[in-house]
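Colleague: Sequence:
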Amino acid sequence: MVSTRARSLGNQPESSTTSDDHNARLQQLNDQIREREQQLAILHAQQRLNELEAQIREDTFIESRPTQDIAAELPQNRPADNMDDDNETPPRLEIKDYYRGKNMLEFKDYKDRMLTLFARHRLYYRKEERKINDAKLYLDAHVKQKWLNFVSAYERRGGATPLTFDDMLSHLEMQINDPQNQLRH
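Under the numbering used here, think of the first position of the sequence shown as 950, with each following residue one higher.
Source of the hints: derived by calculation from the structure; they are not laboratory data.
Worth double-checking, as some hints may not be accurate.
Stated by the list, open to error - Derived DEER-like restraints, expressed as beta-carbon distance ranges:
#1 His971 with Arg1106: 53 to 61 angstroms
#2 Arg1069 with Ile982: 17 to 25 angstroms
#3 Arg1069 with Thr1113: 17 to 25 angstroms
#4 Met1053 with Asn972: 24 to 32 angstroms
#5 Pro1128 with Arg997: 46 to 54 angstroms
#6 Ala990 with Ser965: 31 to 39 angstroms
#7 Leu1097 with Ile982: 34 to 42 angstroms
#8 Arg1105 with Gln976: 48 to 56 angstroms
#9 Glu1002 with His971: 44 to 52 angstroms
#10 His971 with Lys1051: 25 to 33 angstroms
#11 Arg1105 with Leu978: 41 to 49 angstroms
Claimed, not checked - In silico DSS-like pairs for lysine-lysine, Cα to Cα no more than 27 angstroms straight-line:
#12 Lys1095 with Lys1080
#13 Lys1051 with Lys1093
#14 Lys1093 with Lys1080
#15 Lys1080 with Lys1045
#16 Lys1060 with Lys1095
#17 Lys1051 with Lys1080
#18 Lys1076 with Lys1060
#19 Lys1080 with Lys1057
#20 Lys1057 with Lys1076
#21 Lys1057 with Lys1095
#22 Lys1060 with Lys1080
#23 Lys1085 with Lys1057
#24 Lys1045 with Lys1095
#25 Lys1076 with Lys1093
#26 Lys1051 with Lys1085
#27 Lys1093 with Lys1060
#28 Lys1095 with Lys1085
#29 Lys1093 with Lys1045
#30 Lys1057 with Lys1045
#31 Lys1095 with Lys1051
#32 Lys1093 with Lys1057
#33 Lys1060 with Lys1045
#34 Lys1085 with Lys1060
#35 Lys1095 with Lys1076
#36 Lys1085 with Lys1045
Values in this document were obtained by computation on a predicted structure and should not be read as measured data.
C-beta atoms are modelled at their ideal positions from N, C-alpha and C, and glycine is treated no differently.
Could you build all of it, start to finish, from the sequences and the hints given here?
Modeller: This is the structure we're talking about:
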């Protein structure tokens, strides 16, 4: 009887240790969830802030324009095609990593950075081609190659309209769920 009782008491610490391990792991996972939720909230707030800043800049630009005929003030020797063209290349974004298409959080961050850059230099990025060319600079080599393959296939099919930055974003977003891409990460 004593040996049975000793055995049952000996099992208690092991069970307690396993339970403690599970509780510690659960606490660790809950902490990670809270951290990710905070990161997501920060990203949403940053995106909203970027949108508001772009809207303020746009509204300020519109309000500061004189109501008189602006065309009369423009140099006459400048082609009409380039009237609002800002030829000064904007500074490059400082990036920690190239966009790799890992998840929606990374996608939203990439999209927000690009849209903010385009809003800050609205005149320079008036043309979609410039947006796409500069946005490609921040893509991982594999993701960039997939985009270039997509563009080539589109052109071979006789795509009637030029691709836009929104088309690029749609393509990148679809790639996140691509099983081949998920295996890379």
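Colleague: Find the hints from earlier in the document that the structure breaks and name them by number, from lowest to highest.
Modeller: Those not satisfied are hints 2, 5.
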